[in-house]
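Q: Given next are the chains, with one letter for each unit.
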Amino acid sequence: MTDPFLAIADPSRRQMLNLLSKESLTINSLAENFDISRPAVSKHVKVLYNAGFIDIKNIGREHYCILKQDGFDELQEWIDYFDNFWGSKLKKLEALLNNKLK
Amino acid sequence: MKRDIIQRWFFEQRPEIVWEFLTDPELIAQWLMKNNFKPIVGHKFNFYSKPKIKFGFDGIVYCEVLEVQPYKKLAYSWKGGPGNGKITLDSIVTWTLTTKKNGTELQLEHTGFKGIKNYFAYLAMNKGWGSQIRNRLETLLLNNMKEIKK
Chain F
1 MTDPFLAIAD PSRRQMLNLL SKESLTINSL AENFDISRPA VSKHVKVLYN
51 AGFIDIKNIG REHYCILKQD GFDELQEWID YFDNFWGSKL KKLEALLNNK
101 LK
Chain B
1001 MKRDIIQRWF FEQRPEIVWE FLTDPELIAQ WLMKNNFKPI VGHKFNFYSK
1051 PKIKFGFDGI VYCEVLEVQP YKKLAYSWKG GPGNGKITLD SIVTWTLTTK
1101 KNGTELQLEH TGFKGIKNYF AYLAMNKGWG SQIRNRLETL LLNNMKEIKK
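Protein chains in written order, with the numbering used here: chain F, 1 to 102; chain B, 1001 to 1150.
Keep in mind that the hints were calculated from the coordinates and are not lab data.
Note that CB positions come from ideal geometry on N, CA and C, so glycine has one too.
Careful, some of the hints might be misleading.
Over the 12 Å line for every Cβ pair with chain B, so calculated as not near, a few chain F residues [what the hints assert, rightly or not]: (1) A7; (2) N33; (3) V41; (4) Y49; (5) I56; (6) N58; (7) I59; (8) G60; (9) E62; (10) S88; (11) K91; (12) K92.
In the DSSO-like style, the derived pairs of lysine-lysine whose C-alpha atoms are separated by at most 30 Å in a straight line are [said to hold, decoys possible]: (13) B:K1052 with F:K91; (14) F:K91 with B:K1050; (15) F:K22 with B:K1073.
Derived list of chain B stretches under chain F, where covered just means 3 residues or more per stretch with a C-beta under 8 Å from a C-beta of chain F [said to hold, decoys possible]: (16) 1006-1013; (17) 1029-1036.
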């Protein structure tokens, strides 16, 4: 699984997610919005797919990119991780400071 | 469950003492992590901890001091990644100390996650998002908007 932070660190990929948040698009119609080669677009799509941000559905002969929640869940995990991290560290600091008072 | 990383703590000590615990490497190591911090803007330093494979983190936090206002404010960048100089987490930690009647209020902000910030700005502008996603991340978004305004 690709790191979701890495996945959204690239501006083209963020732009792709932005476009896909409005409507599901085929890889071809997604590619029309970018000045990069079709294989390069496919590569970005693959990264987003591996990070869990999108799903790819085959309808007829077209591959549609559809937003998915997993990538967001993992971002949330990070945020929660750091919130807990700081909470426990600051608790330690509090104990240290209180020790100093005595 | 909290969605943002802003924490406010109250300590019974004066800001001068709390400041010492934020800026003296030996004292910092006692509650946070081993480090080679110096309270000088532009100083590059590291925090050292255990690697967290699940999060693609090699155990070293790469930092640079961004702001030093003695007894009031301290900010540094906070970067990390899976190793080999690859950075996947690019963020900023800001400490703000406020003098109170019987002590000090210490505020921690961990923000500016690169990529995320722009990304949540998109979220805000978009009506296409499902309300579920929007609600889940609303607080985080507000947090990031605040930072954009600064």
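Q: None of the hints should be skipped; say for each whether it holds.
A: For each hint, the structure was consulted:
Annotated as non-interface, A7 (chain F) brings its C-beta within 12 Å of a C-beta of chain B; the closest such distance is 8 Å. No beta-carbon of chain B comes within 12 Å of the beta-carbon of N33 (chain F); the shortest separation is about 14 Å. For V41 (chain F), the requirement that its beta carbon stay farther than 12 Å from each beta carbon of chain B is met, with the minimum near 19 Å. No beta-carbon of chain B is positioned within 12 Å of the beta-carbon of Y49 (chain F); the least distance is around 17 Å.
The claim that I56 (chain F) lies off the interface holds: its Cβ sits roughly 18 Å from the closest Cβ of chain B, which is beyond the 12 Å cut-off. Listed as a non-interface residue, N58 (chain F) keeps its Cβ farther than 12 Å from every Cβ of chain B; the least gap is roughly 22 Å. Look at I59 (chain F): its CB is around 19 Å from the nearest CB on chain B, clear of 12 Å, so calling it non-interface holds up. Every Cβ of chain B is farther than 12 Å from the Cβ of G60 (chain F); the closest lies at roughly 23 Å, confirming the non-interface assignment.
Remark: the non-interface label on E62 (chain F) is consistent with the geometry, its nearest Cβ contact in chain B lying 20 Å away (cut-off 12 Å). A beta-carbon of chain B comes within 12 Å of the beta-carbon of S88 (chain F); the shortest separation is about 10 Å. Interface exclusion of K91 (chain F) from chain B breaks down, the closest Cβ pair being 9 Å apart, not more than 12 Å. At roughly 4 Å, the least C-beta separation between K92 (chain F) and chain B is not larger than 12 Å, which violates its mark as non-interface.
Taking the CA atoms of K1052 (chain B) and K91 (chain F), the gap is about 21 Å. The hint holds against a cut of 30 Å. The straight-line distance between the Cα atoms of K91 (chain F) and K1050 (chain B) is roughly 19 Å, inside the 30 Å bound, and the hint therefore holds. Only pairs whose Cα atoms come within 30 Å are accepted, and K22 (chain F) paired with K1073 (chain B) is rejected, the gap being roughly 41 Å. Look at the segment 1006-1013 of chain B against chain F: 5 of its residues bring a Cβ nearer than 8 Å to a Cβ of that chain, three or more, so the hint holds.
Judged by the Cβ-Cβ criterion of 8 Å, the segment 1029-1036 of chain B is covered by chain F as claimed, because 3 of its residues qualify and three suffice.
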